[in-house]
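Spelled out from the first residue to the last, the chains are:
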Amino acid sequence: MEQLIYLDNAATTKVNPKVLDAMLPYFSDKFGNPSSVYGFASGNKQAITEARENVAEILGADPSEIYFTGGGSEADNWALKATADAYEKKGKHIITTKIEHHAILHTCEYLESKGFEVTYLDVDENGVVDMGQLRSSIRPDTILISVMFANNEIGTMQPIAEIGRLAKEKGILFHTDAVQAFGHVPIKVDEMGIDMLSASGHKLNGPKGVGFLYIRKGVKIRSFIHGGAQERKRRAGTENVPGIVGLGTAARICADTMEERARKESELRDYLIERVMKEIPYTRLNGHRTKRLPNNANFSFQFVEGESMLIMLDMAGICGSSGSACTSGSLDPSHVLLAIGLPHEIAHGSLRLTLGDDTTREQIDYVVEKLKEIVEKLRSMSPLYED
Amino acid sequence: MEQLIYLDNAATTKVNPKVLDAMLPYFSDKFGNPSSVYGFASGNKQAITEARENVAEILGADPSEIYFTGGGSEADNWALKATADAYEKKGKHIITTKIEHHAILHTCEYLESKGFEVTYLDVDENGVVDMGQLRSSIRPDTILISVMFANNEIGTMQPIAEIGRLAKEKGILFHTDAVQAFGHVPIKVDEMGIDMLSASGHKLNGPKGVGFLYIRKGVKIRSFIHGGAQERKRRAGTENVPGIVGLGTAARICADTMEERARKESELRDYLIERVMKEIPYTRLNGHRTKRLPNNANFSFQFVEGESMLIMLDMAGICGSSGSACTSGSLDPSHVLLAIGLPHEIAHGSLRLTLGDDTTREQIDYVVEKLKEIVEKLRSMSPLYED
Amino acid sequence: MYSEKVMDHFQNPRNVGEIEDASGIGTVGNAKCGDIMRIYLDVDENQVIQDVKFKTFGCGAAVATSSMATEMVKGKTVNEALTVTNKAVMEALDGLPPVKVHCSLLAEEAIHAALWDYAEKNHIKIEGLSKPKSDISEHEEEEDY
Ligand SMILES: Cc1ncc(COP(=O)(O)O)c(C=O)c1O
Ligand SMILES: Cc1ncc(COP(=O)(O)O)c(C=O)c1O
Ligand code: FES
Ligand code: FES
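Residue numbers (our numbering), protein chains in the order written: chain A, 36 to 422; chain B, 36 to 422; chain C, 26 to 170.
The hints are simulated quantities; they were obtained by calculation from the structure and are not laboratory data.
For clarity, every value in this text was computed on a predicted model and none was experimentally measured.
Some clues are possibly wrong.
Rough simulated footprint, nothing fancy, chain A against chain B, three-plus residues with beta-carbon under 8 Å [claimed, not checked]:
#1 43-54
#2 67-78
#3 218-227
#4 233-246
#5 298-312
#6 334-348
#7 387-396
Over 10 Å on every C-beta distance to chain C, these chain A residues come out as not near it, computed from the model [said to hold, decoys possible]:
#8 Ser70
#9 Gln81
#10 Lys313
#11 His323
#12 Pro368
#13 Ala382
#14 His383
#15 Pro418
Even glycine gets a Cβ: it sits at the ideal position worked out from N, Cα and C.
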């Protein structure tokens, strides 16, 4: 097979050609600064307004509640740090989970260094938060609950509406990192009781370097990037017009095609999971069997190390990712895999394959065949494996 | 004249078509996440490395000292807040000027609310900082001097090397907001004693939504956006690959053409200034006559209000900007014009025209003719004016 | 990210397998990243390493350094084998990315452990060889931010 099989859509996605088309005029033709008063730039302000409306509509939010940012990490940092800043008089306790993205976890560590207390909730073996533990962790000084909508490694989706209900009942703000979920699964901020929500353009076939933070009207939240009066004075900086237009267009396309796409992707995902589990022994599926993102499959192959697997897949033209320590830059395997209870050596042998809307059944068949060979080869080299 | 005359290059610039060409492959073809291990993404890491080298070379810096951000405002916020965070044990006093961009000023106000003390230096009638006042403002607990390289409204350039020398002598960190200067005038961080420097892509015919912070090796500075291990663990978030490539390419082009471009622009600028000053009475040139950005002209026309002028220029196909209160969103005229000592009503009648590398003498001639008509017309309507 | 030589040894690892009744076996683990390497030596009566095999559970660099290290010790005397340091192996592979340097220590330590096992079994002393550590994790030179 000559063609590249890209199964790492949780890492980043290809910009949809329609999205790129929508962006292109704003680089060298309609390049004006949206804050300028002349007619040449007024279309750009309008373009941002439309993108904001697109995003808001999907969430069932008001356009004035959407603030564009430089990406998902900025949105996460903003939500946590500015809430801490604005509500510290009320209390200094925050609740989150052990399986959040580093953009949340490292921000929480930073806040701990500033005197905040953070409770990191456990998850069960499928990666689902325990509502009982959440409820009993709430204190009078709890100001924020931040629980991700869907996990980026194992794809597990959390009981967001339930958490939202509890947060509301207790009068606590609820933020969700929906970077992996937005555009892929239905999200309604009102029904789900979400007060703040982060998303990032490049996870939904939009551009990198642009994202947004939804902030419910009435939530007292400070700026994170101070300066000019952009984004209703809450997020300074000349607007990334092409990026924002790209994000808005990508969101619109995702909303229009979500149902059909989710159906197709989850069908293929299930086919992949079934074949792998049946045809490769000593294999574990990570994440919840059904409450998972439509495009996410995550396996652990015992006796095998993830990076070696990725390199061999790469040689076969397949792009995937792993939570193995050897790929993590740090020397620990993924905190998510450890949190669902995997021992180190099993976490090591993990492989995440995340499908796109252009993934085909033939590709999945090819991947399964290659994977069988690769796992077998690596197991034959492994000191842990005896057949 | 049918064609648009864009003289607002200090607000934002057109993406150079060569820059856009360099960016394009990274949207939908080479879209991989630079952190991924497979070959498909390795070129993207390389592309970022090259952009970093381009930027570093121009500044005479090491590539490892360049950190890409989501724009100039983020870089300014990062420099100030993270320095405050890292050095607050040493002291809580910061020195800046009254004519900084809001990304600096509002960040300083934020830091004041957190218990820092900020000295805002005066400038003379040309907008130049007084070195004597700077020297006498330094205290044992001063941790940072932040003085912009060149002002965005009046174009005045500061004695950066002198400030750098003083800062070094006193053992104080020196940051400069070079958003308007980078790519337009020569900057060498070592010769000028600069410890940190902010820049933004869209001011040099690069893309919006991307910038960088230069941080000298050895400067203790915390992350501003926490999360993943990108940018040597100092700036989290999936890298905006097309944006970074665009910024690197724009920087390279600017460096290669700087001399020629500055010569051409300043010649035209001087021609514009001379004609306007000679042919329109009751006119003041704002900013230093010679120590100014090659592309910046800023006038105050007595008895005239800025927004009205902009609208009429717009109708004549000319894009400019004003420090008038009526365009500022707030109700005060530009803080920069007030700081150089203009009374409110004169600050109101200001017009900034900032040239680009494609500005022609014919365009300038046309602009001067139109401007004469417009100023005359507005003056004839003004209750302040008696001829 | 890896050199051509590393990729070659990763794709076609030399000397994978086990030796029955080996003269010396060394297993080391890197508690830091959780990887494991086992080396089997066949040493003749002149203390020359006649054959060597390995099994590795680790990243591409770990596999490639195992493979290269086994090639380098084969045919050497047990004393000469001590000159096969992780640095020598890395050089032979045209270098490793900085984050992967610790993987090459795994190979060095596994060989040392196998030599130690051989020496113990035969009641001999190999000059310059000390008892293997159970875990090779050493101090990484990571930048502190
Ligand atoms: C001097 C100066 N500093 C900072 C900025 C902010 O840069 P950005 O709009 O790219 O965030 C600008 C321009 O808007 C500027 O002119
Ligand atoms: C769950 C989650 N949160 C946050 C982020 C950060 O987003 P970005 O890389 O766009 O800053 C990511 C992806 O990298 C993610 O998967
Ligand atoms: S063996 Fe784990 S990083 Fe190399
Ligand atoms: S007169 Fe209308 S804003 Fe100034």
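Hints and how they fare:
1. For a cut-off of 8 Å, the count of residues in the stretch 43-54 of chain B with a CB near a CB of chain A stands at 8, and the three-residue condition holds.
2. For the stretch 67-78 of chain B, the assignment as covered by chain A holds, since 9 residues bring a beta-carbon within under 8 Å of that chain's beta-carbons and 3 suffice.
3. Counting residues of the stretch 218-227 of chain B whose C-beta lies closer than 8 Å to any C-beta of chain A gives 0; at least three are required, and the coverage claim is violated.
4. For the stretch 233-246 of chain B, the assignment as covered by chain A holds, since 6 residues bring a beta-carbon within under 8 Å of that chain's beta-carbons and 3 suffice.
5. Here the stretch 298-312 of chain B counts 0 residues with a CB under 8 Å from a CB of chain A, which misses the bar of 3, and the coverage is violated.
6. Only residues whose beta carbon comes within less than 8 Å of a beta carbon in chain A count, and the stretch 334-348 of chain B has 4; three or more means the coverage holds.
7. Chain A is given as covering the stretch 387-396 of chain B, and this is violated because 0 residues of the stretch bring a CB closer than 8 Å to a CB of that chain, at least three being needed.
8. With a cut of 10 Å on Cβ distances, serine 70(A) stays outside the contact zone with chain C, its closest approach being about 35 Å.
9. With a closest Cβ-Cβ approach of about 42 Å to chain C, glutamine 81(A) is found to remain outside the 10 Å limit, as its non-interface label requires.
10. Against chain C, the non-interface label of lysine 313(A) holds: every CB pair exceeds 10 Å, the least being about 25 Å.
11. Distance to chain C confirms histidine 323(A) as a non-interface residue, since its nearest Cβ pair spans about 25 Å, more than 10 Å.
12. Non-interface call for proline 368(A) relative to chain C: violated, since the shortest CB-CB distance, roughly 7 Å, does not exceed 10 Å.
13. Residue-level check failed: alanine 382(A) sits 8 Å from the nearest beta carbon of chain C, not beyond 10 Å.
14. Listed as a non-interface residue, histidine 383(A) fails to keep its Cβ farther than 10 Å from every Cβ of chain C; the least gap is roughly 6 Å.
15. The claim that proline 418(A) is not at the interface with chain C is violated, since a C-beta of that chain comes within 10 Å of its own (minimum 4 Å).
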